[in-house]
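Q: Here's the letter readout for the chains.
Number of protein chains: 2
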Amino acid sequence: MEQFNTTPRNKVKRIPKRGHYDKATIYEILDAAFMCHVGFSIEGQPFVIPTAYGRDGDAIYLHGATTSRMLQHLEQAGMPACLTVTHLDGVVLARSTFNSSMNYRSAVVFGTATLLEDDEKMHALEVITENIWKGRWDEARLPNAKEMKATKVLKLHIESASAKIRTGGPGDEKSDYELPIWAGVIPMTTEYGAAIPDELLHEGIETPASVTSFFEDKKQ
Amino acid sequence: MEQFNTTPRNKVKRIPKRGHYDKATIYEILDAAFMCHVGFSIEGQPFVIPTAYGRDGDAIYLHGATTSRMLQHLEQAGMPACLTVTHLDGVVLARSTFNSSMNYRSAVVFGTATLLEDDEKMHALEVITENIWKGRWDEARLPNAKEMKATKVLKLHIESASAKIRTGGPGDEKSDYELPIWAGVIPMTTEYGAAIPDELLHEGIETPASVTSFFEDKKQ
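Protein sequence lines correspond, in order, to chains A and B. Numbers in the numbering used here are just positions in the first sequence, counted from 1, shifted up by 328. Numbers in the numbering used here are just positions in the second sequence, counted from 1, shifted up by 328.
Quick caveat, the hints were computed from the structure, so don't treat them as lab data. Just so you know, not all the hints are guaranteed correct.
If chains are identical, the list can't say which one is meant, so a pair holds when it fits in one copy or spans any two.
Straight line, CA to CA, 16 Å or less: simulated EDC-like cross-link-like pairs of lysine to aspartate or glutamate [to be verified]:
| id | residue 1 | residue 2 |
| --- | --- | --- |
| 1 | K474 | E501 |
| 2 | K502 | E527 |
| 3 | K474 | D504 |
| 4 | K502 | E475 |
| 5 | K351 | E330 |
| 6 | K477 | D446 |
| 7 | K492 | D350 |
| 8 | K339 | D350 |
| 9 | K351 | E487 |
| 10 | K351 | D384 |
| 11 | K449 | E403 |
| 12 | K449 | D384 |
Just need the whole structure built from these sequences, with the hints factored in.
A: As structure tokens, then:
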């Protein structure tokens, strides 16, 4: 199982048993989302910006307008970035507030980015598009030259990463189990509602395969 | 309507019409979640860490173990932090990949933190607990002296903030409306499943008011 080395940067300090360093676990968490929070720092001031992404091997692609402050900053050589993805899976109500918690899966990725051009840039846009909505690249109108010029695409090379996962019910203090206090978990999930066609959609254009197959896959 | 001044730090550069600077809008986004991503920077390396929070006026409370690297760092005087909350509301499939987007509500907060003690610390823990699960503070066993000692609580003073919001359907290029391509929105929501009682719960302990009222409020 391929692992990231643990260093002070990526080591899960708090509750180490929740930490994971193998790529399979980390990449599964990354691949189950399409919105991350990117951290960068300008003259000591940190910024945390939500943005879409797609993973390809040991790299994460980010895109945006050429005027994006985040991308303009991260494309500078050697500029350190941190990218975090979090899935909230439940509220854990313990008998004590102290032991109350959340169930979650998070991945924290460290690396530096490089600017992509030409074929690599187009490939990255395909990866991001497909990560947001599988099958859409083959259905939508692809970027033209003007749009490509207005778009910046970065490849964040994953140098180091870790995952932190909590599952299961509350873990209370031994003496608290005798208290007449309810404890349990309220599960949380992200749900997708039925597709809402654009009001300006011409008659006769049917719901595409990417949408119908998404909801069919979900039912299985 | 009370507003934050716009400065280079909090100004929404990309698609300015999506930017909001009034407290009512920003605080509504903050109050609709209980998990944020906190950004801080140590020797130029940014870190983005998911954590629970609660808002009280123009401050956000954060808590964790006394050994938390994030809290140890942020409690240092004048250390700049960024705290971001994002709600994903939908996938926006435009006719072109370029105009495809997401519906979202995000709030980005800037400030510095101070360490809380005694009554203020306990109050902050109540605010965080109640933000995660309303009504729980009156049901659970409250922190004892040992747990208070093991817990660090910070007050992040909101100095500056902005919100960015996208709603509605796709906005395509004029010429793209003639293409035979489906466009629309797939709504996304966070859903809460039925409470799962702890396996070790003693018989006769009923589901508490905080849980039953949560699901009753949702049905309305």
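Q: Is it within a copy, between copies, both, or neither that the alpha carbon of K351 lies no farther than 16 Å from that of E487?
A: within (12 Å within a copy, 38 Å between copies)
Q: As a check of your reading, is K351 near D384 (CA-CA no more than 16 Å) within one copy, between copies, both or neither?
A: within (12 Å within a copy, 39 Å between copies)
Q: First find the shortest C-alpha distance between K339 and D350 inside one copy, then the shortest across copies, and answer within, between, both or neither for a cut-off of 16 Å.
A: Classified as within; 12 Å inside a copy, 38 Å across copies.
Q: Can you give me the call for K477 and D446, within, between, both or neither, at a CA distance of at most 16 Å?
A: Cα proximity of K477 and D446: one copy only (10 Å, versus 56 Å across).
Q: Is it within a copy, between copies, both, or neither that the alpha carbon of K492 lies no farther than 16 Å from that of D350?
A: Cα proximity of K492 and D350: one copy only (11 Å, versus 35 Å across).
Q: State whether the alpha carbon distance between K351 and E330 is at most 16 Å within one copy, between copies, both, or neither.
A: within (6 Å within a copy, 46 Å between copies)
Q: Check K502 against E475 for me: Cα-Cα at most 16 Å, and say if that holds within a copy, between copies, both or neither.
A: between (61 Å within a copy, 14 Å between copies)
Q: Pop the pair K474 and E501 into one bin, within, between, both or neither, using alpha-carbon distances up to 16 Å.
A: This pair counts as between: shortest inter-copy Cα distance 12 Å, intra-copy 62 Å.
Q: One pair to classify: K449 and E403, alpha carbons no more than 16 Å apart. Within, between, both, or neither?
A: Within one copy, since 14 Å is at most 16 Å while 41 Å is not.
Q: If the cut is 16 Å between Cα atoms, do K449 and D384 qualify within a copy, between copies, both or neither?
A: within (13 Å within a copy, 44 Å between copies)
Q: Which holds for K474 with D504 at a C-alpha limit of 16 Å: within a copy, between copies, both or neither?
A: between (64 Å within a copy, 14 Å between copies)
Q: My question is about K502 and E527: at a cut-off of 16 Å on alpha-carbon distance, are they close within one copy, between copies, both, or neither?
A: between (58 Å within a copy, 14 Å between copies)
Hint compliance for this structure: every hint is met.
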